[in-house]
Amino acid sequence: MKLGFISVTAITAALCASSAFAQEEVKFEYWYGLSGQLGKVVQQTCDRFNASQDEYEISCIGQNGYANAVQNSIAAFRAKQHPTVVQAYDAGTADLMMSGEFYPVHQMMTDFGIEIDWDDYFPGIANYYASSKGDLFSMPFNSSTPMLYINKEHYAAAGLQAFPETWEQFEENLKALKTAGQECAYGYAPSTWIDLEQFSMAHGVPIASNNNGYDGLDSEYLYNTTIHVKHMENIKRWYDESLLEIRTTQGGLNSRDSFAQGECSHYFGSIASHAAVGKLVDGKFEWDVAMIPVYEGTERKNTVVGGASLWVLSGKTDEEYKGAAEYLKFLATPESEEFWSTNTGYIPVTKTGFDALVAKGFYESAPYKGREIALQSLTYTEPGPLTRGIRLGGFIQARSEWANEVQAALQGDKTMQEALDTAVERSNAILNKFARTYRGKELP
Amino acid sequence: MRRAYFKNNWIAALVVAPQLLIIFVFFYWPSSQALYWAFTLEQPWGGGNEWVWFENFAYLLSDDRYWQSVRVSTVYALATTALAMGMALILALFADRQLRGYKSFRIGLIWPYAVAAPAIGLAFRFIFNPSAGVASYLNYAFPDFWDPIMNGSHAMTMVIIAGAWKQVSYSFIFFLAGLQSIPRSLTEAAAMDGARPMRRMMDIQLPLLTPTFFFLLVINITDSFTDSFGIVDTMTSGGPARATNLMVYKIYEDGFRGLDYSGAAAQSIILMILVISLTFIQFRYVERRVHYT
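Protein chains in written order, with the numbering used here: chain B, 1355 to 1798; chain X, 462 to 754.
Honestly, the hints are just simulated from the structure, not real lab data.
Quick reminder that beta carbons are idealized off the backbone N, C-alpha and C, glycines included.
Be aware that one or more of the hints could be misleading.
As the list claims (entries may be wrong) - Cross-link-like lysine to aspartate or glutamate pairs, in silico, EDC-like; alpha carbons within 20 Å at most: (1) B/K1590 - X/D605; (2) B/K1683 - B/D1473; (3) B/K1787 - X/D605.
What the hints assert, rightly or not - Examples of chain B residues lying across from chain X (beta carbon under 8 Å, computed): (4) R1432; (5) G1454; (6) I1600; (7) T1602; (8) L1607; (9) Q1751; (10) A1762; (11) L1764; (12) D1767; (13) K1787; (14) A1789.
Isolated chain X (complex conformation) (with noise of 0.2 Å):
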């Protein structure tokens, strides 16, 4: 196979720098003095700082309020994918079968994708408010079945809901576009053979979207990990008793309002250490079971 190559490594250079450039500003600038600033106790207007080593990290390390933090975080993140591409993948199975208006499905499932996050915990925290919202129909037929205001794992329920909806579409465009380039041919020979669409799921369509599935799931644990704050900002505020304080939001907390920048600096390494292992560890072990076509 011949492979199209520049001759000239100016150009080469050139095409690529203004995507270095890019990722140098707003990538590998900030994480080199988040990395600094993880080492020292940095005062927030500047002003000096020291160089404590290890400190910053044994603190956090030590501190249970940090790891109830990560606990957090990691519910979150598992709850999410699961939920948000489970719903996807049923979603996406169900449009491309082409029922009767297969294409405003599409289009409708697509665009919650462009809702921002403070918007959809808006919307949501109005939908789960308990006194107020459409869950209050809950309380009254139940009383105190629903208090996400005092009741942590509600809150986390209703953080999870907010955070998975957000995830369906994006998921939902990748599962009907990995359906649909499962070719034809190969599901109307099993119709042929007399393999209803249920069989036809689970022995052809399913195995066959391993590799989108895998990606997704890289993508979408990464992303519950650190694009949640929007969703928890505007719902919970990390509340009650901490019970929805995620790894992100903690940051924010920490760092912006609390001025600890050190401290917020170290949560941040940590934080990027989790989500680089964790990709890691789906790369090494999971994409074992993937068969790419």
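Excised from the complex, chain B in its bound form (with noise of 0.2 Å):
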């Protein structure tokens, strides 16, 4: 029985150690999806902020990849086990909204008096979060947008100069690269948020009707009647006439490694991977950012964000909400903006935090250089009713049907009429059951 003497010895110490501190600390938890190196960063900005004040102890717990944070705070909430704060990713904003088990972000830094700018923020950015009355209910935090990557040195290799702004001159460039011999002109591996997301944006076409859900539960998906249709069966005819190749993780290499070893002359991705792409370049050729293209006789528009944003679930204590609060007022300091930005590729979500980098020349100079283009894309225009984001339930499914009908056109079963047709199809009937599952719900 030493143990157990032991262990309840112990267990009074931790006990009376524990109530000495209560009065001193509070303690929350956080959740994060990012993994790696970015969520590396994550647990830096909880250590700034626990050493930044001694009211509050923030512990911070990677979940390694968004859909497991949100899965994992769903069962912890069921279980009354949740944390206070979750990461929580674009595509999964509509889903949180209608459950209404949040504390608004808005609403909480009002009752706990902090005073947030709000006008501050980027609004292709908070437009994603807000409510229909354009309050924010999650806090912005890691927020991107696509860009195309480019290796220069092939460029000038294939006698090219200009970066594409159109897909006729990026088939143009696709085409002479070929004739110069590049073996992968383009590594491409299919994905909703570029190929059918920020391109509709991009383009200001409708992804689906009530402006892009935003309206109403009652939408239904219309990508399969834009120009949607005409991006893919070009994408189609660029695969079978080799001037792309598909480049997946399945497959060994996906597209960003492909292009960042220098065997791929474009590739599309997030501006969060830049910071990762000039790693794994290490100076080895010139390369550079540029705004995804839009086809000619189309007027460009904003992209909208990507990423991911803070979420505070109710059911906890107020002393555990002003500690929230606390963190994310911590966030939005222009020094954390900087700290965020500097260590990942993401950009700043304030104006101010934006300024403030410019300001101190931050973007002249590699390695930071090209990531202000990801803003300027971000605030092409002002966002318009199609282009501040979408809320759309069942999103994640409704990528996956995307996918899957993508890749099967892809490999010939059918056309890519067929093949988005039958997504769309598909996906009408997952924000069926969606708006059946919420009956009576309204989008807040």
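Please dock the two separately framed chains into a single complex, following the hints provided.
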């Protein structure tokens, strides 16, 4: 029974210690989805917060993936063991909004008397997470937008100068690169986020009715009727003409790594990879980023944010909420924004944060040069009804329907139009089911 | 024959209790929860649900994608079982012949069972990689011969091989044990009568192995229906174009990633019924041909 005695003593000691500290530090949890290098930086923001004050202690727990962070939070929520703050990805926004089990950050900041200049947030970012009245439900955190990554040495070898602004030019460049003997001109991996969502934003065409779902739960997908179809048909044609090569993780080398190893001349990816690509390339060749192209004859619109935001969940004490509010306020300071943007490729979410970085000359030299183009893309126009974002339930499943159908079309099982029609039909069934599950409720 | 029994039923109950508790917590409770969800539309974050009777099932059974998933699962289950048991049987027959070095083979053949499925997935993903892996030599020799990234049946083949590889060692242990429990006197007598190894296998060893064979058939089929997640997740993520979207993987995709708890619950209930009825069929019809010694 010696062990028993020791553990009893230890527990008593721990209890005494914790009750002694309880008056001083309020503890609360934050679950995040980012992993690897990015996850480490999230952990550092927590350490910085804990070091900056002694009233609260945040403990940050990595969940290894966005999807896991949401799944685990749901499981924990049902068992009443959930964290106070959770990082949830862009595509899960509608599901969280409908749940109602959160403390809107706008409300929380007002309740605790914390002044935040909400207009300071870039509208392309804030609108994605705002209610129909424009109040923020969750705190924008890691924000990115897609970019075209270009290998400048391949361009020089093929005698190309200008970066493509239109898809027509892009195709010409692919052909020129192929003629110059470049094996892989464009490393492609089907991505709804880039090929469908951001593409439709930049072209100002709808993905779904009801202004992409913002105006009600009875929405229907429309992307099989827009210029998106033409684009996907082009992708298929480029694939058939070997102007692009498919590079997925399952194939061993994904499109980002194919680019970073100098195999492929182009790849489309998030600006968040800017730091990682820089590290992987490691000065072996010259590269740069550009905005994603649009088709000739279209007026370019802003792209929207990707990434994740921080949600404060319901069912916690006021003390914990106060701590969460302080942490979110801490993240919104220009210093924190600079720390975050420097160590990852993510962009600042506030105008002040961005201006501060510009004033310091942050974007003028490598390795950070080019990241400001992401903000140009996000702020290209004021967000309109079709370029605010996407608010569709079960969107993760809808993404997977799209991806599977596009794969089928690329395999040659069906035409791209048939594939997209099927994807739309099936995704509409998902929307129906979502509306059914939340019958009698409205989008807040 | 005398039977040992507990005079005091309380002790018996006490001894069984931990096991029952575990089964209750990890099987009956989740299953009953799933059964309940399957008949409702459950909101992921709690906050209410609606009783919808068989709507979830009706939706699934009218969904051709669901049937496609059942189809690929069946192909996967039959193919991995046949491949794994066939390989295991051949290996066990050889190990049993006690050729030189058979002891080290025996150990070497057992440990793949201890390798976690995702690790197997990763290793095979490399082996079968069309551009960088071992299989890329095939593509050098015959261009466009092998492309599991874009070709559904290639991807399926790859997943089946990886799944079977994982199962071989389990079946091997049982086959070997089964072979070793066959009295030596039988094979020796046959040898004295002039039967060669092949004849002895066909007429003595294999017929006497049928109980083991039957046991492994049930276990392998059940296992390949329910335990394929790790391999699919790392190797193909159910693609390309759902060609390897096995039932367990689809449950995970719909339930955990898509947050469609009710649909996923209904799918797991169907999977459970399917596995139970397959096992029942095997006991009812296949076991008749088994002769227990």
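Worksheet item: Against chain X, is B/R1432 within 8 Å by beta-carbon distance?
Response: For B/R1432, the interface hint holds, since the closest Cβ of chain X sits about 6 Å away, which is under 8 Å.
Worksheet item: Against chain X, is B/I1600 within 8 Å by beta-carbon distance?
Response: Hint holds; B/I1600 Cβ to chain X Cβ min 6 Å, cut 8 Å.
Discussion item. Checking hints one by one. Is B/D1767 an interface residue toward chain X, by the C-beta closer than 8 Å rule?
Written reply: holds, 7 Å
Fill in: Status of the hint placing B/A1762 at chain X (closest C-beta pair under 8 Å)
Because about 4 Å separates B/A1762 from the closest Cβ in chain X, which is inside the 8 Å limit, the hint holds.
Worksheet item: Once the shortest beta carbon distance from B/A1789 to chain X is found, is it less than 8 Å?
Response: For B/A1789, the interface hint is violated, since the closest Cβ of chain X sits about 10 Å away, which is over 8 Å.
Discussion item. Take the shortest C-beta to C-beta distance between B/K1787 and chain X; is it under 8 Å?
Written reply: holds, 7 Å
Worksheet item: Going straight from one Cα to the other, do B/K1683 and B/D1473 come out at no more than 20 Å?
Response: holds, 15 Å
Worksheet item: Does B/T1602 meet its interface restraint, that is, does its C-beta lie within less than 8 Å of any C-beta in chain X?
Response: This interface hint holds because 6 Å falls under the 8 Å limit.
Practice prompt. Report holds or violated for the interface hint on B/Q1751, using the least CB-CB distance to chain X and a cut-off of 8 Å.
Written response: holds, 4 Å
Worksheet entry | chain X contact restraint for B/L1607 - C-beta distance below 8 Å | holds, 7 Å
Fill in: Closest C-beta approach of B/G1454 to chain X relative to 8 Å, hint status
holds, 6 Å
Practice prompt. Assess, step by step, whether the Cα of B/K1590 is no farther than 20 Å from the Cα of X/D605, and give holds or violated.
Written response: Distance of about 18 Å is within 20 Å: holds.
Of the numbered hints given earlier, the model fails hints 3, 14; all others are met.
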